[in-house]
Every structure is written in structure tokens, then in C-alpha cells.
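Engineer: Spelled out from the first residue to the last, the chains are:
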Amino acid sequence: MSDEEMMEGGVQKKFCYINRKAPYGTIYALESLEVVLIGAAFEQDVSLIFMDDGVFQITKGQDTAGIGMKNFSPTYRALEMYDVEKLYVSEESLAERGLTADDLLVDVEVLNAEQIRDLMEQQDVILSF
Amino acid sequence: MKFTIQVNEGPYTHQASDTAYNFVKAALEAGHEIYRVFFYHDGVNNATRLTTPPQDDRNVVNRWSELAAKHNLDLVVCVAAAQRRGIADADEAKRNGKDADNIAPGFRISGLGQLIEGGIQSDRLVVFGD
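Protein sequences, first through last, are from chains A and B. Just so you know, we're using the working numbering here: the first sequence kicks off at 925 and counts up by one. Just so you know, we're using the working numbering here: the second sequence kicks off at 134 and counts up by one.
So here's chain A without its partners, still in its complex pose (with noise of 0.2 Å):
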């Protein structure tokens, strides 16, 4: 069983969005947003991780001009007025895309695959997007 803390007015979980695939050519990004928006309302101990393409997703300086497609990004930045504080990024997607972290449009926390493992184990409920 997890170890769940009983808050007042209800039990509070650890919720982890893992998001992996950019930000364009397919709606996960946007729809995953789209639920960690909404999931602050719900108080719970929240963590997002970017690796694979999505990392791509709060990389700085986002153009969808020439797509039509809505730019999202500076969404990111706001999740901090929601409490979505814990982002993680994965040091090897980043190097593979010849990315660092000052390439990001939000302050993240850069872990290796070994960090990454074991924060998904610590995790109650893990949203893979």
C-alpha cells in the first residue's frame, strides 16, 4: 500500500505526470496540461517530469505561427500560481536533443535515469502522457 497521508477533507496522493512527446504533431502535451491544470485543484503532492521529446514542451522561444497550432508554452510558467512547483527534467533526453537547462522556459530540476526511477517508485499515481 502506499503511504497515504490523511489530510482534512481527504486523503492526499502522490500524483506524477510524465510527459514525453512533443509538443506539436499530437494533443498529449496540450491534453496533459489540460489535467494537471485541473488536478491542482484537488490538493495533491504533484510532479511532473519532461524526458524524451518532452522536453521539447518548455523549451524557450515557441513559434507555432507557422503551424496554426495555439502556442501553450507560457502555460508552464503559470503552473507555479497553481502550487505545481516539482518539475523534473531527464539530463540524458536533454543531452540526446543538445538541450541544457538554460534552454527551459521554467525552473526545473535535472535528474539522471537512476534519480528519475526512483521517483516514479515513491509515486501513488503516475499519468504517463
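Keep in mind the hints are simulated off the structure, nothing from the lab. This structure is a prediction, so every number in the text was calculated from the model and none was measured. Treat the hints with care, as some may be off.
Think about it this way: if two alpha-carbon atoms lie no more than 25 Å apart in a straight line, the pair counts; the simulated DMTMM-like pairs of lysine to aspartate or glutamate are [as the list claims (entries may be wrong)]:
hint : chain 1 : residue 1 : chain 2 : residue 2
1    : A       : K945      : A       : D977
2    : A       : K938      : A       : E1020
3    : A       : K938      : B       : E166
4    : A       : K945      : A       : E955
5    : B       : K135      : A       : D969
6    : A       : K1010     : A       : E1038
7    : B       : K135      : B       : D151
8    : A       : K984      : A       : D1027
9    : A       : K945      : A       : E1004
10   : B       : K158      : B       : D263
11   : B       : K135      : A       : E1004
12   : A       : K938      : A       : D976
13   : B       : K231      : A       : E955
14   : A       : K1010     : A       : D969
15   : B       : K158      : B       : D189
16   : A       : K984      : A       : E967
17   : A       : K1010     : B       : E250
18   : A       : K1010     : A       : E1020
19   : A       : K938      : B       : D207
20   : A       : K984      : A       : E1045
21   : A       : K945      : A       : D1026
22   : A       : K994      : A       : D969
23   : A       : K984      : A       : D1026
24   : A       : K945      : B       : E166
25   : A       : K1010     : A       : E958
26   : A       : K938      : B       : E250
27   : A       : K945      : B       : D151
28   : A       : K994      : B       : E166
29   : A       : K1010     : B       : D263
30   : A       : K1010     : B       : D256
31   : A       : K1010     : A       : E1045
32   : A       : K945      : A       : D1027
33   : B       : K135      : A       : E967
34   : A       : K994      : A       : E1009
35   : A       : K938      : B       : D263
36   : A       : K938      : A       : E958
37   : A       : K945      : A       : E1038
38   : A       : K938      : B       : D256
Following the hints, complete the assembly by docking chain B onto the known chain A.
Structural biologist: Chain B alone, transformed into the frame defined by chain A:
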């Protein structure tokens, strides 16, 4: 054990909804509880009663409806994802000025909060899809 199931892919193009269905059926047969099945992304397309597969193939939508009726399952379709993809119940259709609705029996339209609540209330949340 109490499960919430998330289905992220539409029927026929992807195995995920078949696998989710078989998982739900097997879990019920083994005596587990399915707290909720939540349809998201293209998974909302599992909920249109206009689906008409060839007669010699399985009917993915009817199969969910029948399982829901038999076991009193809570099949929830995400409203935002459904609106994008043209899945509506009578209320939603009316609210959005559409001339038809298409949700299959046993499904209901609600919000993403139902997914989070499922994760909170269940022992396991299992996601099917890419």
C-alpha cells in the same frame, strides 16, 4: 483491489481500448472493483453510438455499454476532449447549439476532475494508450 482505468486511444486504430476492455472484464471476473473508467484523448471515440463496424468484427462501443450495464460501471468521457472530437450527449449538444447527440448507453460526460478523483479513491490507476 479498487481500480480506475484511463483509456487514451480510440477504437479500431489502436489496441489500447481492446486491452483496457479485456483488463476490466478480467479484473471484474477476478472479484476486483472497477471504480471508474475514464476516456481521454482519442479514447472519447469509444463512446459514440454511431460507430458501425462490419458485422464480422467486434463492436467496441456496444461491448463497453453491455459491460457497463452488467456491472454498473461508471464510464466517464472527458467533456473538453469530447467537444473537440464531436462526442456529445443531449445536454451538451443543446448547450453548444448542435442538432444531434451521439453518446452511447452507459457512458456519461464529465470533467477531468473525475480522473483525478479516481486516482485518489482507487488503489491503482492504470493507463492504456501511448
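Engineer: Are the hints correct? Go through all of them and say.
Structural biologist: Evaluation of the provided hints:
no.: 1; hint: A:K945 x A:D977; result: holds (5 Å)
no.: 2; hint: A:K938 x A:E1020; result: violated (29 Å)
no.: 3; hint: A:K938 x B:E166; result: holds (22 Å)
no.: 4; hint: A:K945 x A:E955; result: holds (11 Å)
no.: 5; hint: B:K135 x A:D969; result: holds (21 Å)
no.: 6; hint: A:K1010 x A:E1038; result: holds (17 Å)
no.: 7; hint: B:K135 x B:D151; result: holds (20 Å)
no.: 8; hint: A:K984 x A:D1027; result: holds (6 Å)
no.: 9; hint: A:K945 x A:E1004; result: holds (22 Å)
no.: 10; hint: B:K158 x B:D263; result: holds (21 Å)
no.: 11; hint: B:K135 x A:E1004; result: violated (32 Å)
no.: 12; hint: A:K938 x A:D976; result: holds (22 Å)
no.: 13; hint: B:K231 x A:E955; result: holds (24 Å)
no.: 14; hint: A:K1010 x A:D969; result: holds (9 Å)
no.: 15; hint: B:K158 x B:D189; result: holds (21 Å)
no.: 16; hint: A:K984 x A:E967; result: violated (28 Å)
no.: 17; hint: A:K1010 x B:E250; result: holds (21 Å)
no.: 18; hint: A:K1010 x A:E1020; result: holds (23 Å)
no.: 19; hint: A:K938 x B:D207; result: holds (24 Å)
no.: 20; hint: A:K984 x A:E1045; result: violated (30 Å)
no.: 21; hint: A:K945 x A:D1026; result: holds (20 Å)
no.: 22; hint: A:K994 x A:D969; result: violated (29 Å)
no.: 23; hint: A:K984 x A:D1026; result: holds (9 Å)
no.: 24; hint: A:K945 x B:E166; result: violated (32 Å)
no.: 25; hint: A:K1010 x A:E958; result: holds (17 Å)
no.: 26; hint: A:K938 x B:E250; result: holds (13 Å)
no.: 27; hint: A:K945 x B:D151; result: holds (23 Å)
no.: 28; hint: A:K994 x B:E166; result: violated (40 Å)
no.: 29; hint: A:K1010 x B:D263; result: holds (24 Å)
no.: 30; hint: A:K1010 x B:D256; result: holds (23 Å)
no.: 31; hint: A:K1010 x A:E1045; result: holds (16 Å)
no.: 32; hint: A:K945 x A:D1027; result: holds (17 Å)
no.: 33; hint: B:K135 x A:E967; result: holds (22 Å)
no.: 34; hint: A:K994 x A:E1009; result: holds (24 Å)
no.: 35; hint: A:K938 x B:D263; result: holds (22 Å)
no.: 36; hint: A:K938 x A:E958; result: holds (18 Å)
no.: 37; hint: A:K945 x A:E1038; result: holds (20 Å)
no.: 38; hint: A:K938 x B:D256; result: holds (12 Å)
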